[in-house]
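> Below are the chains, spelled out letter by letter.
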Amino acid sequence: MTFTTRIPRRNVLKGMGMAATASLVPGAFRPLYAASVAPITIVINQSPWFESFRRTVEAYEAETGNKVELDVNPFAGSLEKQRNSVRASAGQYDILIMNSGWFAEMYAGGFVEAITDIDPGFQLDPEIYTLGDTIYYDAANKTMTKAGKLMSMPVSPLIPMLYYRGDLYQEAGLSAPKTFAELEANAKKFHNPPGMYGIVQRGARGPHTVAYDFYPYLYGFGGGIFKDQATGDYSVTLNSDQGREALDYYVRLAKEAGHPKTAASDQAEVIQAMVTGHTAHIMMVIAAWSQMDDPNKSAIVDKVEWAPTPSVEGLTTSPGLGHWLAGISRNVPDDRKRAAVEFLRWFQTKAAQLETAKAGGIPVNAAVYKEPIADERRYRWMKPLAEALPHAVNIYQFPEASEVISVLELGLNRAVAGEITTVDALNGMSDEIEKIMAGHSYKTGKLDPLK
Amino acid sequence: MAAAQAQTLSSPRRPAKVSEDRGQRLWRWLTFGPALAMMLALSVLPIANLFLTSFQNITWADGQQVRTWVGLTHYQALFSDSLFGAGISNTLIFAFGAVAGQMVLGFAMALLCTKIVRGRVLYRAIFILPILIPGIVIGAIWKLMLNFDFGLVNKALGLIGILPHDWLGSPETALLSVIAVDIWHWTPFCFLLFLAGLESLPQDVFEAARMDGAGAWQELVYVTLPLMIPTIIVTFAFRLVLAFKVFDEVYLLTSGGPGTSTEVISFTLYQRFFTEDKAGYGSAMSVAVIFLVSLLLVLALSARRRTGAAS
Chain C
1 MTFTTRIPRR NVLKGMGMAA TASLVPGAFR PLYAASVAPI TIVINQSPWF ESFRRTVEAY
61 EAETGNKVEL DVNPFAGSLE KQRNSVRASA GQYDILIMNS GWFAEMYAGG FVEAITDIDP
121 GFQLDPEIYT LGDTIYYDAA NKTMTKAGKL MSMPVSPLIP MLYYRGDLYQ EAGLSAPKTF
181 AELEANAKKF HNPPGMYGIV QRGARGPHTV AYDFYPYLYG FGGGIFKDQA TGDYSVTLNS
241 DQGREALDYY VRLAKEAGHP KTAASDQAEV IQAMVTGHTA HIMMVIAAWS QMDDPNKSAI
301 VDKVEWAPTP SVEGLTTSPG LGHWLAGISR NVPDDRKRAA VEFLRWFQTK AAQLETAKAG
361 GIPVNAAVYK EPIADERRYR WMKPLAEALP HAVNIYQFPE ASEVISVLEL GLNRAVAGEI
421 TTVDALNGMS DEIEKIMAGH SYKTGKLDPL K
Chain H
1 MAAAQAQTLS SPRRPAKVSE DRGQRLWRWL TFGPALAMML ALSVLPIANL FLTSFQNITW
61 ADGQQVRTWV GLTHYQALFS DSLFGAGISN TLIFAFGAVA GQMVLGFAMA LLCTKIVRGR
121 VLYRAIFILP ILIPGIVIGA IWKLMLNFDF GLVNKALGLI GILPHDWLGS PETALLSVIA
181 VDIWHWTPFC FLLFLAGLES LPQDVFEAAR MDGAGAWQEL VYVTLPLMIP TIIVTFAFRL
241 VLAFKVFDEV YLLTSGGPGT STEVISFTLY QRFFTEDKAG YGSAMSVAVI FLVSLLLVLA
301 LSARRRTGAA S
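In order, the protein sequences belong to chains C and H. Under the UniProt record's numbering, the first sequence has 383 at position 383, and the numbering climbs by one with no breaks. Under the UniProt record's numbering, the second sequence has 237 at position 237, and the numbering climbs by one with no breaks.
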């Protein structure tokens, strides 16, 4: 596809003059990654990292003169707006900011157009995190591998990290826990309610709340939900012995070193417990880092440290991907699709990602983590994050993930609330997930029930 | 002969009457038709579409909707959906519990208000305040009030030596807490209807009762309550239907948790239809809920008819 543009002579002369002036001023010349393009609209959720995204978008507008409108919504509201837009004959949103819980639905439904189909010359920066290759989709095989087309660009490489009180650890002469046994021992040591809880977990039932909190435990104990999604084997393994150990541990931690209202604690309350100095640990998406050192929001400025989520001895950290990807709607005009590509081309650069980091966001370009900024005290979370990211697990590779998440949210919450035993919860959830997968004609099966 | 004459006299007028009737009928249809068409378009058609969708599965491929006929599958699945079962039973507990509380409190407040002479307007304004507050604000107010760590309820209980309790996070008290919030929110509605009913009661009956020596309690039991029964039934029916549709309070305070403790049917519907994007199954659930609410309404109205007939 070729595009022809008529440029007025006056603009050419102006441009030459500006280029000549810029070349005389050292450091004034910056490569322009984006052409002048149509205004675009991005639908996005109001997450802890949103402010950094907004400021990055402002930087894009200032640098290129292009216009970007942001439609900001709560988590569930964003999904609903995206569904309404992509299912209409003409879409309202050019770029969809999709969560790990629903991007597969957008890929498989044919709602997102491959970036390389819009611009065959688009080159992905080699330093961009591909996050379990979830930015690719092979429609023929329904898999997310590099063999597929480039469907999206990472926007926020969110994974949970262990936030712990560095000051308390220093006083007690402890080092960051690497195993679940160490975490439990340390949490119990600091547990002194109601002033201080050993750990505060996100155990409430929500759109993707307790399930997301549980993934690092489940995978860190060597468990999982499905046997092997990459090969299309969706046999349910949730109620394995490892799954049971993980859930027993999670519930025990809540009871013996956690907050009494774990079953009703959502993300905001967990962050609140940390910033008010009422807990020694939380496991939370890294996006909340900027709140920890914000004197207007935090009573524990400069006291929090970060580490990869623990695992059992012999296994590596296994945080669940809770990342956000930017995909371009199929049902918007071509000029807006091209404008969206220009934005993503600019967004992936190291320079843009440095802006993101400085604005409190999490860079998606690995080159930023090798910059001097990563050694600054304020960005002390960068190195542990870079260490953990390669081990992140993509939990769902199929479009019906929201149904499975609903089952997990209910079953896990009931176990945390003590409404049912961990064994009943795991067996019950496994049965329901197997039924869902069978209903959608996936190759599935289940383990013998736990006793 | 007189009859024959009358027939002769009236026969020329007959066509005029027929054409007048036709004209009137046409006029009636012309004026009534748009309203009927509007009603059909806005209420009957969406429900018919919902009913049709309840027999289908909706999926998406290449950006296009694919509808597959599945017959009664979704309706059969309702019986094995534990969330649906929990939703129905919690909704019934919620609806009857909350409405009973609202009726008793609303009636008591209305009775008190009729006895107050000074500051009556002020009391009424204070009593109806909660009903004017938007649901989202009520969610925020009570989420803060019932907060485990810094909620006013726990702080107040702490003053008398009671340990803090997790009102919304404990399976034992979560539904009770939501019912309490709903009572706080909707009692003014009952209060207003009861007040209007009490103020329209004929005073001569009360005077006669007093002359017969009836005390305040006897007056309430033997005069006020029987006269108020139609108002009580209408208020009950209104509130029951509204309570059956509760969503915002549950969504904001507990999201149906912990576990299924506060799972109400509207929330289950939201989960299945919107979050899980199961439009076909969600439609079947919606049809079932519409049927249940209609059934409740019919029962309440027939009760009113029976009491009306009896009185």
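Treat the hints as calculated values from the structure; they're not laboratory data. The beta-carbon is built from N, C-alpha and C at its ideal position, and this holds for glycine as well. Keep in mind that a hint or two might mislead.
Claimed, not checked - With a cut-off of at most 30 Å between alpha-carbon atoms, the simulated DSSO-like pairs for lysine-lysine come out as follows:
no., chain 1, residue 1, chain 2, residue 2
1, C, Lys142, C, Lys383
2, C, Lys358, C, Lys370
3, C, Lys178, C, Lys188
4, C, Lys303, C, Lys178
5, H, Lys155, C, Lys81
6, C, Lys435, C, Lys297
7, C, Lys370, C, Lys188
8, C, Lys297, H, Lys245
9, C, Lys189, C, Lys383
10, C, Lys370, C, Lys189
11, H, Lys143, C, Lys81
12, H, Lys143, C, Lys188
13, C, Lys178, H, Lys245
14, H, Lys155, C, Lys255
15, C, Lys435, C, Lys81
16, C, Lys350, C, Lys149
17, H, Lys155, C, Lys188
18, C, Lys255, H, Lys115
19, C, Lys146, C, Lys383
20, H, Lys155, C, Lys189
21, C, Lys178, C, Lys383
22, H, Lys143, H, Lys155
23, C, Lys189, C, Lys81
Claimed, not checked - Over 10 Å on every C-beta distance to chain C, these chain H residues come out as not near it, computed from the model:
no., residue
24, Leu83
25, Ala100
26, Leu168
27, Gly257
Stated by the list, open to error - Some chain C residues flagged as far from chain H (calculated, every beta-carbon gap over 10 Å):
no., residue
28, Glu105
29, Thr179
30, Asn192
31, Met196
32, Lys261
33, Glu371
34, His391
> Mind listing which of the numbered hints don't hold for this structure, in increasing order?
Per hint list: 1, 5, 6, 7, 8, 10, 13, 18, 23, 24, 26, 27, 28, 32 violated.
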